[in-house]
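Can you build the whole structure from these sequences, using the hints too?
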Amino acid sequence: MLYYLLYHILRPVHESLSWLRVFDYVTFRTAYASITALLISLFFGSRMIELLRQFQIGQQIRAEGPISHQTKRGTPTMGGVLIIISVVGSTLLWAKLSDWYIWIAVFSILAFGAIGFLDDYKKVAQQQSLGLTGRQKMALQAGASLIIALVLIYISGYDPILTVPFIKTFRVEIWGPIYLIFIVFVIVGTSNAVNLTDGLDGLAISITFVTASALTAFTFFTGDFNWARHLGLVHDPQVSELTVFCGALAGASLGFLWFNAPPAEVFMGDVGSLAIGGTIGAVAVMIKQEFLLLMIAGMFVVEALSVMMQVACFKLTGKRIFKMSPLHHHFELIGWKEPKIVFRFLILAVLFALLSLSTLKLR
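Count the sequence shown with the numbering used here and you get residues 1 to 363, in order.
Each statement offered as a hint is correct.
Distance windows between CB atoms, simulated:
1. LEU92 to PHE182: 27 to 35 Å
2. TRP103 to PRO177: 18 to 26 Å
3. ALA261 to TRP227: 29 to 37 Å
4. LYS340 to THR27: 33 to 41 Å
5. GLN56 to LEU146: 33 to 41 Å
6. LEU39 to GLY232: 35 to 43 Å
Here are the simulated lysine-lysine pairs, DSBU-like style, with alpha carbons at most 35 Å apart:
7. LYS340 to LYS315
8. LYS337 to LYS319
9. LYS340 to LYS122
10. LYS122 to LYS323
11. LYS122 to LYS337
12. LYS340 to LYS323
13. LYS319 to LYS122
14. LYS168 to LYS96
15. LYS337 to LYS323
16. LYS315 to LYS337
17. LYS168 to LYS361
Derived from the structure by calculation, the hints contain no laboratory data.
By construction, the Cβ of each residue, glycine as well, lies at the ideal position given by its N, Cα and C atoms.
Structural data, given as structure tokens:
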């Protein structure tokens with residue numbers, strides 16, 4: 001919106017106001033999208049928390065969870081709405097809105113946010129920790145992911161090519177219907193992985209900041225012709241504007257962390273975790289880094305794997321690998337303090353992100 005106003009409508013006066021040309025640089029707009037999203041979060045955060053308290057929208061705690069979590073009962077939840085507003089508002093302000101990928105990213109965060117909102121609303125209305133059933137949630141997630149996949153492949157001009165980390169020349173074109181299923185799997189899986197990680201104050205949102213920052217770099221390199229050619233990436237000019245979106249997500253994450261850091265004043269709820277996860281998955285698909293996402297979002301993957309391993313092992317042997325899953329609860333039960341778990345997981349998330357960036361040259 002601001003890009004369109006200052007760069008296109010005011011184009012006739014560019015010679016006298018040459019500084020307006022800075023709006024054509026995606027790096028400039030990404031930086032200010034991050035700052036804008038951060039400021040929106042900080043400005044409206046306290047107001048939203050008071051509003052959530054006023055309407056008694058508090059967190060419901062599972063009875064089977066760690067006993068220490070019972071003290072968090074009633075903490076305002078559904079704060080993910082603030083993240084969505086910050087990201088979408090900043091993106092619409094700074095991004096070039098003529099690109100399909102921007103609208104797909106906006107749709108992904110809104111669609112998955114709506115699913116999470118419905119889940120949270122049912123929990124609050126019923127005053128229990130169970131919202132949508134697993135099947136209901138999975139069906140809605142798959143439906144939203146399928147829409148994204150259909151628009152990508154059949155409308156936006158997306159090329160269904162599969163790439164693999166470390167192998168620069170490995171590019172395989174996948175048959176449309178098969179790729180549709182693959183896209184749905186990636187997006188739904190990522191959405192649920194973030195949802196599972198959101199169990200400690202500041203944990204999911206701090207890892208989101210690291211992941212979004214890494215994706216900001218990947219989208220920039222993929223969208224820039226010279227960098228993409230130099231690094232052997234599949235260049236797509238539409239990806240360039242996703243840099244602005246990912247920058248906004250990073251900024252919004254920092255802003256929300258201000259209120260979600262231990263002890264949390266507000267929780268993001270499923271409206272936040274599902275929206276973030278669905279968006280991260282969608283961006284990874286658009287930049288053709290579906291497999292590398294396992295490393296970019298490494299800690300989200302580790303948390304999800306811990307749950308799958310726990311369930312599989314218990315069904316097969318009747319025994320549990322961990323004291324409780326996801327993994328962060330296991331460390332709680334062996335005596336680690338919550339802030340220590342959060343910071344150590346954050347350090348590992350940074351390590352995963354740096355390793356993923358190193359693959360740009362290690363191939």
